[in-house]
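J.: For the protein sequence lines, the chains are A and B, in the order given.
Residue numbers 1 to 279, in the UniProt record's numbering, belong to the letters of the first sequence in order.
Residue numbers 1 to 351, in the UniProt record's numbering, belong to the letters of the second sequence in order.
Please keep in mind that the hints were generated in silico from the structure rather than gathered at the bench.
In this text, all values refer to a predicted model and were calculated from it rather than measured experimentally.
Just so you know, even glycine gets a beta-carbon here, dropped at the ideal spot from N, CA and C.
Be aware that a few hints might be false.
Unchecked claim - For lysine to aspartate or glutamate, the following DMTMM-like pairs were computed, each having C-alpha atoms within a straight-line distance of at most 25 Å:
no.	chain 1	residue 1	chain 2	residue 2
1	B	K131	B	D109
2	A	K186	B	D77
3	B	K249	B	D287
4	B	K185	B	E28
5	B	K70	A	E171
6	B	K21	B	E31
7	A	K186	B	E112
8	B	K120	B	D109
9	A	K189	B	E112
10	B	K185	B	E7
11	B	K102	A	D190
12	B	K62	A	E172
13	B	K131	A	E175
14	A	K189	B	E72
15	B	K120	B	D152
16	A	K189	B	E75
17	B	K178	B	E31
18	B	K10	B	E160
19	B	K62	B	D24
20	A	K186	B	E75
21	B	K10	A	E172
22	A	K186	B	E54
23	B	K113	B	E125
Stated by the list, open to error - Pair by pair, the computed Cβ-Cβ distance ranges are:
no.	chain 1	residue 1	chain 2	residue 2	range
24	A	Q62	B	E110	56 to 62 Å
25	B	R133	A	S144	44 to 50 Å
26	B	S237	A	R108	47 to 53 Å
Stated by the list, open to error - Some chain A residues near chain B, calculated using beta-carbon distances under 10 Å:
no.	residue
27	E172
28	E175
29	A177
30	D180
31	A182
32	D190
Spelled out, the chains give:
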Amino acid sequence: MVENRPWANFFAHTVLIIGVALVVFPVYIALVASTQAPGELMRTLPLLPGSHGIENYTQMWQSGISSANSPPAALMLWNSFVMAMAITVGKLSISLLSAFAIVYFRFRFRMFFFWLIFVTLMLPVEVRIIPTFQVVADLNMLNSFAGLSIPLIASATATFLFRQFFMTIPEEMLEAARVDGAGPFKFFKDILMPLSVTNIAALFVIMFIYGWNQYLWPLLITTDPDYTTIVMGIQRMTSEENPQWHLVMAAVVMAALPPVLVILFMQRLFVKGLTETEK
Amino acid sequence: MASITLEGLKKTYTGNVNAVKGIDLHIEDGEFVVLVGPSGCGKSTLLRMVAGLETITEGTLKIGDRVVNKLEPAERDIAMVFQNYALYPHMTVYNNLAYGLKNRGFKKDEIEKRVRVAAKMLEIEEFLDRKPRKLSGGQRQRVAMGRALVRDPAAFLLDEPLSNLDAKLRVQMRVEIKQLQRRLKTTSLYVTHDQLEAMTLGDRLVVLNAGQIEQVGTPMEIYARPATMFVAGFIGSPAMNMLPVDYLKAQGANGLLDNLPEGTDIVGIRPDDMHLAPPEAPHLIVDSTLALFEAAGAESHLYVTLADSDQPTVIRVSGQPPVAEGETLRFFVTRDALHPFNSATGKRTGD
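With the rest of the complex left out, here is chain A (with noise of 0.2 Å):
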């Protein structure tokens, strides 16, 4: 748009300015909290950062808070790390060959099949808490990484997006194929994968959210502190009676930190698909 209108640019970027200001503001507060001193934190909010942060964070890092029984944040942040990747990878993968196998096959009951996965769209973690939990009990993986994570792995919402996008690739791609004398795995792996990348990436980012947001799930599966994810560790940390808030901003920033990478190092994969992809 070509336009010279001073006024509307300035009111632009002022709504612009407010916007990212409130956004950026809590994240500011987490930083500078986390380098007060102990009891800085009692008495008036500082707006400027202290001194102790490089302590704060190692104290953290390394030994956690003993009297909220809440283990070192390395020690969670891994915890956390392990399942959302397997969350992430197990969502993927399954849904990934449950798409291919419903766009690609024609077997008896397929439409069936596909409607069973669509319906569990309806059934989020919180709706069946209670009989998984009897299940992973049963099945003894109570604190442990599969419990964790295996239940979550089902995915209705990216079998759905893979199957709508694998409907969009031209028939005449699989006969190529064929006559290419590529079987269906050998299908999937040449041709499928590669041009699925730029969806894979985006769901990749949202899964591993997901995955790391874990909050109900792991709280009730885990009683042991070896398995005690970030999520869990802040939220107990902040229930003591008198909570160290220099330590628990120190944690927070470091549980907000990987869902961030993981963003930027995906965004290259992303826009590399984005401007690569053409059927």
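Assemble chain B onto chain A, guided by the hints.
T.: Below, chain B without anything else, positioned relative to chain A:
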């Protein structure tokens, strides 16, 4: 390289839709056969049955001496060129050509050699490192051809490969495909709805209509002696004019129509067999009114309405005759230009 034999090939879709109703055809080794027909006549289905992309409901399909009814497309030793090319968008041109060879376990240097040879033949060497989306329509078409060439298959199957190109490129690629096929002598089966493409490309034409063969023959045989009214109307442009015998007799036939084969009640006359000047041989005379004059450069099409009849008729003459729309025209037709048909059976009655 091999011959292809179709024996009683049938395709029935669920719901009893007969797309292909029993096709018998033998394609010689090295022959270029064109399947031509209007859309929905089953020509693509037939080609896809030969390719192995559609199952065969009934009948036998042989490539060489091998019955291949149940074989996967890859096991039939055929290569196919698709209408929309179906190039792999994420692979470079080189990998597009090499993919089929890789899957067949060829050695790397053999693949490299074959791809280079094919790329050179099709003049796409400079594009080998590009992705298909960076190519123009004509170049993509060449890549699609190349993907078939590198395999050195027993037969090429081409499914309307030129219909996504503009008119000029289509003519150019048509010539190139013909030359390529002459050079390689690979058995080819080509599907098109364009009768001009069919006439110019094929060693033999197979005219299909409603899932059945109407006529098989060389392009000139079919043009000179169409076996049915359908073929007569489909091959040749503008289409053949069909005039009832009774009408021609009423116009004064000078006894010329008395010795037509038995059962003839309609005759076909090609637009270029209607002359504005009386020929020396005995001829029919028909009066008409010029409704529309269409100049096409080297030739002109005259759309006329016949006297005492509302039958639309086209005359093709070379150059541009000095006629005006609305003018009364008299045209002349010799006896040997008549194609006798029976309108009830739709078949040619003799000659």
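J.: For each hint, tell me whether it holds in the structure or not.
T.: Hints, one by one, checked against the model:
{"no.": "1", "hint": "K131(B) / D109(B)", "verdict": "holds (22 Å)"}
{"no.": "2", "hint": "K186(A) / D77(B)", "verdict": "holds (19 Å)"}
{"no.": "3", "hint": "K249(B) / D287(B)", "verdict": "holds (13 Å)"}
{"no.": "4", "hint": "K185(B) / E28(B)", "verdict": "holds (11 Å)"}
{"no.": "5", "hint": "K70(B) / E171(A)", "verdict": "holds (21 Å)"}
{"no.": "6", "hint": "K21(B) / E31(B)", "verdict": "holds (24 Å)"}
{"no.": "7", "hint": "K186(A) / E112(B)", "verdict": "holds (21 Å)"}
{"no.": "8", "hint": "K120(B) / D109(B)", "verdict": "holds (16 Å)"}
{"no.": "9", "hint": "K189(A) / E112(B)", "verdict": "holds (23 Å)"}
{"no.": "10", "hint": "K185(B) / E7(B)", "verdict": "holds (24 Å)"}
{"no.": "11", "hint": "K102(B) / D190(A)", "verdict": "holds (11 Å)"}
{"no.": "12", "hint": "K62(B) / E172(A)", "verdict": "holds (24 Å)"}
{"no.": "13", "hint": "K131(B) / E175(A)", "verdict": "holds (20 Å)"}
{"no.": "14", "hint": "K189(A) / E72(B)", "verdict": "holds (19 Å)"}
{"no.": "15", "hint": "K120(B) / D152(B)", "verdict": "holds (15 Å)"}
{"no.": "16", "hint": "K189(A) / E75(B)", "verdict": "holds (21 Å)"}
{"no.": "17", "hint": "K178(B) / E31(B)", "verdict": "holds (11 Å)"}
{"no.": "18", "hint": "K10(B) / E160(B)", "verdict": "holds (21 Å)"}
{"no.": "19", "hint": "K62(B) / D24(B)", "verdict": "holds (11 Å)"}
{"no.": "20", "hint": "K186(A) / E75(B)", "verdict": "holds (16 Å)"}
{"no.": "21", "hint": "K10(B) / E172(A)", "verdict": "holds (23 Å)"}
{"no.": "22", "hint": "K186(A) / E54(B)", "verdict": "holds (21 Å)"}
{"no.": "23", "hint": "K113(B) / E125(B)", "verdict": "holds (12 Å)"}
{"no.": "24", "hint": "Q62(A) / E110(B): 56 to 62 Å", "verdict": "holds (60 Å)"}
{"no.": "25", "hint": "R133(B) / S144(A): 44 to 50 Å", "verdict": "holds (47 Å)"}
{"no.": "26", "hint": "S237(B) / R108(A): 47 to 53 Å", "verdict": "holds (49 Å)"}
{"no.": "27", "hint": "E172", "verdict": "holds (4 Å)"}
{"no.": "28", "hint": "E175", "verdict": "holds (5 Å)"}
{"no.": "29", "hint": "A177", "verdict": "holds (8 Å)"}
{"no.": "30", "hint": "D180", "verdict": "holds (4 Å)"}
{"no.": "31", "hint": "A182", "verdict": "holds (5 Å)"}
{"no.": "32", "hint": "D190", "verdict": "holds (7 Å)"}
When the structure is compared with the earlier hints, no violation turns up for any of them.
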